[in-house]
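S.K.: Residue strings, one per chain:
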Amino acid sequence: MIKDHRLTRRSLLRGAGAAALASGFASVVGCAPSNSGSPQPLGTPSFTGPPAGEITIWNRSGDLYRVFDKAIASFTAKYPQVKVNHIAIDINATLPNTLITGADVPDGAFYDDALVPGIAPHLYDLSQLIEPYKNDIAPYKLGVATVEGRVVAIPWDLDPGLLFYREDILQAAGVDPAGITTYDALIEAAEKVKEVFPDSKPIHLEANEFLSQLWLDMFVSQQGAAMVDADGRLALDSPAYRNALNFLHEVNQRGLGTVAKYLEPTDVATLDNGTQVFVPWAQWFVFAPQQLLTETKGKWRATFLPAWRPGGARSGVMGGASFVIPAKARNPQLAWLLYEYLTFHPDGYRTVYGPNDVYPGGINTSVPSYLPALESDALFEPVAELGGQDLWEVATAAAREVPGGYRIPVWWGRAVDYLGVNLQRMFAGQLTPDEVIATSADQIQKNLIDRP
Amino acid sequence: MSESTRYRGQVQHRLGVVGRYTLLVAMAVLSLAPLVWMLLSAFKPGAEIITDPFRFRVTTMTLDNFRTMLETVRLELGFRNTAIVVLAKGMLTMVFCPLAGFAFAKYEFPGKRLLFGTVLITLMLPTLVLLVPLLLEMSELGWVNSFPALILPGAVDAFGVFWMRQIVAAIPNELLDAGRVDGCGDLRLFYNVVLPVIRPGLAALAVLTFINIYNDFVWPVVVATDPEYQTLQVMLSTLSQRITTNQLGADWASVWGQLLAASTVAAIPVFVIFVLLQRHLIKGVMAGSLKG
Amino acid sequence: MTLLTAPRAARKAEPARGGSTASRARRRRRPPLAPYLFVAPFLLIFLGFGLYPMAFALQLSFTNWRGAGVLEWVGFDNYIYLLTSEDFWGSLANSGVLWLLVIPGQVIVALAVAVALAKARLRNLFIAALVAPFVTPLVAMAQVWIVLFDRDFGAVNLGLRDLGLPPVGWLTDPALAKPTLALLVLWRTTGYAVILLLAGLQSIPGQVYEAARLDGAGAWTQFWRITLPLMMRTVSFYVVIGTLTVFQLFAEPYVVTDGGPFNSTRTAGLYLYDHITNSDLGLGSANSFLLVIMVFALSLAAVRILRSREDA
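Chains as they are written, first to last, in the numbering used here: chain A, 11 to 462; chain B, 20 to 311; chain C, 173 to 484.
Rather than coming from a laboratory, the hints here were simulated on the basis of the structure.
Beta carbons are placed, not taken as given, at the ideal position from N, Cα and C, and that holds for glycine.
Careful: at least some of the hints might be erroneous.
Covered by chain C, per the in silico footprint, the following chain B stretches (three or more residues, Cβ under 8 Å) [stated by the list, open to error]:
1) 121 to 127
2) 131 to 143
3) 161 to 173
4) 228 to 236
5) 278 to 287
Which stretches of chain B does chain A cover? Using the computed rule of at least three CB atoms under 8 Å from a CB of chain A, they are [what the hints assert, rightly or not]:
6) 45 to 58
7) 104 to 116
8) 147 to 156
Straight-line C-alpha distance at most 25 Å; calculated SDA-like pairs for lysine to any residue [to be verified]:
9) A/Lys80 / B/Gly35
10) A/Lys271 / C/Gly341
11) C/Lys291 / B/Val105
12) A/Lys456 / C/Glu244
13) A/Lys338 / C/Glu244
14) B/Lys131 / C/Leu219
15) A/Lys202 / A/Phe257
16) A/Lys271 / A/Phe207
17) A/Lys271 / C/Lys291
18) A/Lys204 / C/Arg323
19) A/Lys144 / A/Asp357
20) A/Lys456 / C/Thr256
21) A/Lys307 / B/Leu96
22) A/Lys202 / A/Glu177
23) C/Lys291 / B/Arg76
24) A/Lys271 / A/Asn283
25) A/Lys309 / A/Pro365
26) C/Lys291 / B/Gly35
Bound-form chain A, shown alone:
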């Protein structure tokens, strides 16, 4: 019988010894890369002659990629000597590691706002370049693009929160959508709908843990608050979170809510059959009536979210992305030129948002965060699936309502395992709103903040 080496303790110990030895060897060689660890400022570009050169730009794949491709084409038409390599790539999986190694770094990339703080040390400080536009950018967006006092991203889209509702059902129930000005009023409206349609559970309650945390933060950002305060300290124990959680809890307790995962079979079915009547969500919910809801196409409308107190802000934000320029980019000046064009020049943002052969009516799932763009003529057309409603008007008005003061901590995504999960526990009846706050705060403090 051949002795089986894999089971010998000795061989394992020897292996561990060898590994430790090699580790010592590796540390002598010193293979950690030399990152400064904090953003370097990018100065105003000064081109001697027409801008020329080559840049690599990363984007996510999909229709959005094709739209950006066209917008980039209009940019290179303006600056013919600039060549743009526009690449579709799994950015979330690739960018952080590429930035860490510093090899083959793109000159610019499209990136989720929630993830920007995580890569901030590897990005250019764009404060100087953003300065002239600062007062024209939605305060919310400027806030999330700023990490430790430095602007590290070019703010792209604002995804304002709206209240989507079934117009026909509200009419039948005698509810006036314009009267839903506070969240208490929304509950009353839902009760009224339920009287006429007893099988309905009118208000959407999100069941996906990640999305539900994003959604909760929409209600919180609406109140000008966030998960952390200006000093980075945990701020869950606040009136903003209390208000939001109490509202959601009450809706659930009174049987007025449908708990479903965004656009999964249950959600789509209950949206289409009248069980769900009110969906407080970011503007990009409009995708559902346009593409997925066959029975109720044309019956949905969008209006402002209720306010948390009379006269309060009628919108918050859920999601959003920006453009980043890595510190190791070879041609950061040109990347800035491109993004400046796309974000702050009418030609740029019109080409992206406006009608084209990819989106014949234009992109209507978000609006620019650049305030002058919101004042301009509608970038996208009225939406047929919303009964021809001028969504641009509502969305831009809502966007202007969004208060500043929201901050995204580096560990925001990791907090889903605590806050997102506990929110779901609340929907399952296992926790009260106060318990959600206390437990989540405890867990986040212990696991995400107080650690090596």
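Position chains B and C against the provided structure of chain A, taking the given hints into account.
M.R.: Below, chains B and C without anything else, positioned relative to chain A:
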């Protein structure tokens, strides 16, 4: 043997055959069903894939997904790169893993235990943790976005060596001694005595190696950001990111359609090639096992 | 440093072939050069692209590096943090349960299928079918699972409804999410097991069965007394590989349930994946090495149990 025993034997045999094929057909159907679903769904409009996943209407069948996919995904590059990586890495594995396994199984040499212990630890270490260290190393070597980076790390991998060692260890020493007495040197011993006997194991290694290399996406996604070097899996992962990270945005449905179209185009040729290759592998396997 | 110098020395020397009995005897008394030659290619790749990064990872595990700035030494803090973390142990427990749900059943089914395949015609077609789960993208399959097992409108529950049974929260009930996930893992990996076990099966010489048949042993006796004991080595091997796979699993729980509901499917692999993708590299490395220890212990236990069966 009495009549009744023979009859019982025949019945048992018949039941055995029926049972055997029922099990196999069931397994085959279960294994293939999702592949068929994917194939059919690729011809559905994106939104329908989400809203009505299990109904296939002939009237709404469309080639749109394939068309859009071909515009955005550079499939020809994906195929070329995957082929290069699979062939190069596969050959390295198939040539050097059996040799190393042989050395570990049938030879004693100083440092063998130490080496094997270290290999064992590496095998048990989640490859995920090596991602950044390995990427840093590639960066130092200037190999980011290059074929060496896709081929060499893990080329003669620990699993293959481990498996080959396992297989070769089962060969009775008498066979090897007989070979030596006949005057075989070490290499000829390997070719003439060891290889024919381990054919089933080699066939398994070939199949599993191919699958592992073809499916590998964690590493290629990170090291091949340039489309010139992206393998099929990297391209598929690019398409699926909109689905996994979050479903924000209007083009979610279209990405689904493109993903399934691309996956179909990626999977079917592989599947077909595999079926054809299997003939050869199985011939070798049957020859080996009949020899006894 | 014998390992690094020997292959070079071996390459310089000219290994003698054949020759007189005396020279052959002389050759055998010197340490054999052949094994070093045979191992060299593997060794080079292993040292360069396996051990070197692993050593760096080990070093990282004693720092709090997040991908930027210099390495800051924190000693065993990462390890202590993990070992005292509810999340870490919870993820291990989840993986443990998943292991119980997947491996034992899979071995039995795969063995049955391998035995059935060994004597079947059209074997190559069946094996090709078993490969199908590997070439279908995980994301698409995850979506199939989500839609199949949706509580209110999934095909499975609709079928249950037709039978007059109440709907089951396959993916929404924390107690059921793991088995439902295990089903996906089983579906995707059983083909792998079958291929491995089939190879082991075909390595058993035919004469052994001949002799048994001549002694009057029926099919069942043959399986129990011959096949099973002789297969234990291959089965043990697969159990080790399977254990590794289950504990490193992150893609399936991520795309199907994202670790939910209520973190019930947050496996050890997913927990680690969270660290790595958030560039929490110091902690992630410590996490990995702890996993090595745990997985090794589990494999050892499993194999010991099987080994005792083999000797029987």
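S.K.: Output the numbers, in ascending order, of every earlier hint that fails for this structure.
M.R.: Of the numbered hints, 6, 7, 9, 11, 17, 21, 23 do not hold.
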